[in-house]
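A.B. asks: Here are the chains, one letter per residue:
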Amino acid sequence: SQKIEQNSEALNIQEGKTATLTCNYTNYSPAYLQWYRQDPGRGPVFLLLIRENEKEKRKERLKVTFDTTLKQSLFHITASQPADSATYLCAYTGTASKLTFGTGTRLQVTL
Amino acid sequence: DVKVTQSSRYLVKRTGEKVFLECVQDMDHENMFWYRQDPGLGLRLIYFSYDVKMKEKGDIPEGYSVSREKKERFSLILESASTNQTSMYLCASSFLSGHLIAKNIQYFGAGTRLSVL
Numbered sequence: 138s139q140k141i142e143q144n145s146e147a148l149n150i151q152e153g154k155t156a157t158l159t160c161n162y163t164n165y166s167p168a169y170l171q172w173y174r175q176d177p178g179r180g181p182v183f184l185l186l187i188r189e190n191e192k193e194k195r196k197e198r199l200k201v202t203f204d205t206t207l208k209q210s211l212f213h214i215t216a217s218q219p220a221d222s223a224t225y226l227c228a229y230t231g232t233a234s235k236l237t238f239g240t241g242t243r244l245q246v247t248l
Numbered sequence: 016d017v018k019v020t021q022s023s024r025y026l027v028k029r030t031g032e033k034v035f036l037e038c039v040q041d042m043d044h045e046n047m048f049w050y051r052q053d054p055g056l057g058l059r060l061i062y063f064s065y066d067v068k069m070k071e072k073g074d075i076p077e078g079y080s081v082s083r084e085k086k087e088r089f090s091l092i093l094e095s096a097s098t099n100q101t102s103m104y105l106c107a108s109s110f111l112s113g114h115l116i117a118k119n120i121q122y123f124g125a126g127t128r129l130s131v132l
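Here the protein sequences come in this chain order: F and C. The first sequence begins at 138 in the numbering used here and counts up by one. The second sequence begins at 16 in the numbering used here and counts up by one.
Derived from the structure by calculation, the hints contain no laboratory data. It should be emphasised that the depicted structure is a prediction, and the values quoted were computed from it without experimental measurement. Ideal Cβ placement from N, Cα and C applies to all residues, glycine included. Possibly wrong hints are sitting among the right ones.
Stated by the list, open to error - DEER-style ranges, computed between Cβ atoms:
#, chain 1, residue 1, chain 2, residue 2, range
1, F, THR215, C, SER95, 48 to 56 Å
2, F, ARG195, C, LYS33, 45 to 53 Å
3, C, LYS68, F, ASN190, 16 to 24 Å
4, F, GLN209, C, ASP66, 40 to 48 Å
5, F, ARG188, C, LYS85, 29 to 37 Å
As the list claims (entries may be wrong) - Some chain C residues well away from chain F (every beta-carbon gap over 10 Å; in silico):
#, residue
6, SER80
7, LYS86
8, GLN121
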């Protein structure tokens, strides 16, 4: 069955640097991959979606790539700020509108 | 803006109690979902519903039931709460699969942190 994997280790980076988070999947390429942000004690919030046939998608300081050869999506935050500190989840669309989520990667941006 | 409202942020219940978690959405979404989230395990789907009175089991339905009597409201029921049901519960909604714009983007409530003692 399809699995989606994110690095469970927290990512610590300095303010102003680019944060890069990884989402790997097994088996077939999903039609869409989505990225969500989750703050402690809150529900996830949708950030970006990328289609299988898109290489890259941008929104302000955020960029998502989708490499079907590597079976991987990368999520980049450029010029990172302490306010970007959160857990970031990737998810793919399975059957019947269901999403399968990765366990998330916690990002900590320090001054 | 889409709003998904969960009735309680924090809830403390006793083992064996019947527990109701309520969720209301205001976007006329067809789909509604209940997840639980535990450290290291991520979001796990308990039940979902794609229409009024319709329900489908998710990955971990045991010990739970759901009710969807109106399109905007989806309730999660713990018939007899147990300590292993202590968790963060998240409700979400989305348009029906195939909606061109929505692409199954899910909108979440703020969550209910349930403690069963």
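A.B. asks: Compare the structure with each hint and give your call.
C.D. replies: Verification of the hints:
1. The hint said 48 to 56 Å for the Cβ distance between THR215/F and SER95/C, and at roughly 50 Å that hint holds.
2. Taking 45 to 53 Å as the suggested C-beta distance range, the pair ARG195/F and LYS33/C conforms, at roughly 48 Å.
3. The supplied range of 16 to 24 Å is broken by LYS68/C and ASN190/F, whose beta-carbon atoms lie about 37 Å from each other.
4. At roughly 35 Å, the beta carbons of GLN209/F and ASP66/C sit outside the given window of 40 to 48 Å.
5. The hinted range of 29 to 37 Å is satisfied by ARG188/F and LYS85/C, whose Cβ atoms lie roughly 34 Å apart.
6. The non-interface label for SER80/C is consistent with chain F: the shortest C-beta to C-beta separation is roughly 19 Å, beyond 10 Å.
7. Distance check for LYS86/C against chain F: the nearest CB is about 15 Å away, which clears 10 Å, and the non-interface claim stands.
8. The Cβ of GLN121/C does not lie farther than 10 Å from every Cβ of chain F; its closest approach is about 6 Å, which violates its non-interface assignment.
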